[in-house]
Amino acid sequence: MARPLLPDDLWATIAPLLPPHPPRPKGGRPRVDDRAALTGILFVLRSGIPWEMLPAEMNCGCGMSCWRRLRDWQVAGVWRRLHQVLLERLHAAGEIDWSRASVDSASVSAKKGGPATGPNPTDRGKAGTKRHLVTDARGTPLGLVLTGANCHDSPLMAPTLEAIPPLRSGRRGRPRQRPDKLHADKAYDAPVRRQECRARGITPRIARRGIERSDRLGRHRWVVERSHAWFNRARRLPVRYERRADIYEAFTFLQASLITLNQIKRFC
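Residues 1 to 268 (the UniProt record's numbering) are what the sequence shown spells out, left to right.
Hints are computed from structural coordinates only; laboratory data are not their basis.
Be aware that one or more of the hints could be misleading.
Within a straight-line C-alpha distance of at most 30 Å, the following computed BS3-like cross-link-like pairs (lysine-lysine) qualify [said to hold, decoys possible]:
{"no.": "1", "residue 1": "111", "residue 2": "181"}
{"no.": "2", "residue 1": "186", "residue 2": "126"}
{"no.": "3", "residue 1": "111", "residue 2": "126"}
Since we're looking at a predicted model, the values are computed, not measured.
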């Protein structure tokens, strides 16, 4: 039997985060059920089909109804909050490995342009978006930032670290937000990057140009490359078809939540 697109545990987590339905004093057509709309959103995320081709047999409403729900929940901050809640669940179980973190980026083609895009130097200057990601030692996505593909990795290291939400474990004490060490490749090799790490209490492990041997560079950083591959399993993400940056960001954080949920099932 095929696994459901929207498992019960994911719905039980996201349902309390959804905003209340807006009042409709003049009536109108019945509103599409939230769970049905989320199922349609997940189907588009995983299959990559256009919104207008969402199958009517799924009873998720039309594609534009699901698109508007994705947009409204993005404005309400649902997707970022969902990711944080799942990270806190993993942190409370002691299954986030803060001993080592890895940071890296991946560029995707942006077919329709729009905000948070730029000429991709690795794709003949075509419009693209870059995903900056930091993960723990097991590849769990902790923080991410989206920029144009022409943005260099190095200045985005600090904003990516700041994107890690403070995680409470359910016990007394301050929430955790910083890893012990940070591994990065030679693109981040600059004294100011090491200073930014030390200012946050993080030990930098950044490969040095002309010094580090190439055969040892990926011993700890391969997990972030694998996490980028996990993101690209959602076929709506390897190529950006959304002109609006907020819609693509919503899809990206939803996939980050699905990856984190898989980590919970794996380790908890």
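Evaluated hints:
Among the hinted pairs, residue 111 with residue 181 is inconsistent with the structure: their alpha-carbon atoms are about 37 Å apart, more than 30 Å. This hinted pair checks out: residue 186 and residue 126 have alpha carbons roughly 24 Å apart, not beyond 30 Å. Pair hint residue 111 plus residue 126 holds up; C-alpha atoms about 9 Å apart against a cutoff of 30 Å.
Checked against the numbered hints above, the structure violates only hint 1.
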